[in-house]
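Novice: If you read the protein sequences in the order shown, they are chains A and B.
Quick note on our numbering: the first sequence kicks off at 1 and runs consecutively.
Quick note on our numbering: the second sequence kicks off at 1 and runs consecutively.
If you're looking for bench data, these hints aren't it; they were derived computationally from the structure.
Don't take each hint at face value.
On the chain A side, residues computed to face chain B include the following (Cβ under 7 Å) [what the hints assert, rightly or not]:
#1 Phe9
#2 Phe49
#3 Val152
#4 Gly184
#5 Leu245
Computed footprint of chain A on chain B, listed as stretches where at least three residues anywhere in the stretch have a Cβ under 8 Å from a Cβ of chain A [to be verified]:
#6 9 to 22
#7 38 to 48
#8 51 to 62
#9 75 to 85
These figures come from a predicted structure and were not determined experimentally.
Backbone N, C-alpha and C define an ideal beta-carbon position, used for all residues, glycine too.
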Amino acid sequence: MDIANLSAFLGAGLAMGLGAIGSGWGAGYVVTGSLNGMARQPSEQPGLFRSMLINQALASNPSIFALVISILLYNMGGADLDAPDSWAQAAAFLAAGLCVGIGTLGSGAGSGLVGSEAVESVGRCPSSQGRVTMMMLIAHAWAQTPCIFSLVISLVLLYVIGGFNQMVGQSNYIDIVNAGRLLGMGLCMGAGAVGPAIGIAFVGSRVCRATAEAPDALQKIRNTFFVGAAVSESTAIYALVISLLLKP
Amino acid sequence: MDLEAAKALGTALTKGAALLGAGICMGFGAIGPGVGEGFAAGKACEGISRRPEEYSQLFRTMLIGQAVSESTGIYSLVIALLLISNG
């Protein structure tokens, strides 16, 4: 069980280390937009400050997913040293960490883009606050769906597959095939979540600005947002499908 | 290690590597199209906010551009499926 323990600790570190990058950048980037907005409309500062804090909390959300997986992996390491070695189990732990770690990069950074643009738009045009806030919340939720996919795959790897008795006792050769399979499953969903999350968030940030600038065209902007973001999401769904196909 | 065992190990390694390759293929292949399509849609929204009367033209161009951008994601999907089924 040495290999599995080692990779559980390695996965725990990678999950939180990589998972902090996107959210950290995103939460910081929200402030840049807020400062621009406050400089434009000094009278709106308290409202913009509240909005900034909400956006920062939403941008930090993906890193909480990474924290949860990291703690779970940490708890799974250091148990049952007498059980036989299993490369597949080790791969499942490492893949779970990598999946949620890489998968949250895009969503954290993306939520930052949305939040920054939303606060700045309200600063530019305070009367549009209600409309912009609604679009902002939709955009945040949508930009975080890819990282929720990666959280789900990570939990599947941990509990369904990495669970302590399932993989051990297989013959050596099946064990090697399964190790490649599980590592592929984690990397597929992890890396596949980055692009769509950034793409959807970019759409969301432009939508926040457009909603503030052109309230008359709200319906058209919303249509374009939904269709455009859905097309952008499709590659994340391909990655989810391939990832589930790879599940042994 | 005798010949039979070496062969079996080789087959297992090849199969494992093919499955790992399928995952990496679809994972990294999804990054580019996702970002690209998002940029296209974002700029379409910006254009529509400036000139709402050009909505249909902008929307059509956005969809065609996104379809072209999607093609590389579909190549990755096809290769990943080939690797899973034949690897």
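Novice: State the violated hints by number, sorted upward, taking the hints as numbered earlier in the document.
Specialist: The structure conflicts with hints 1, 2 and 3, although it agrees with all the remaining ones.
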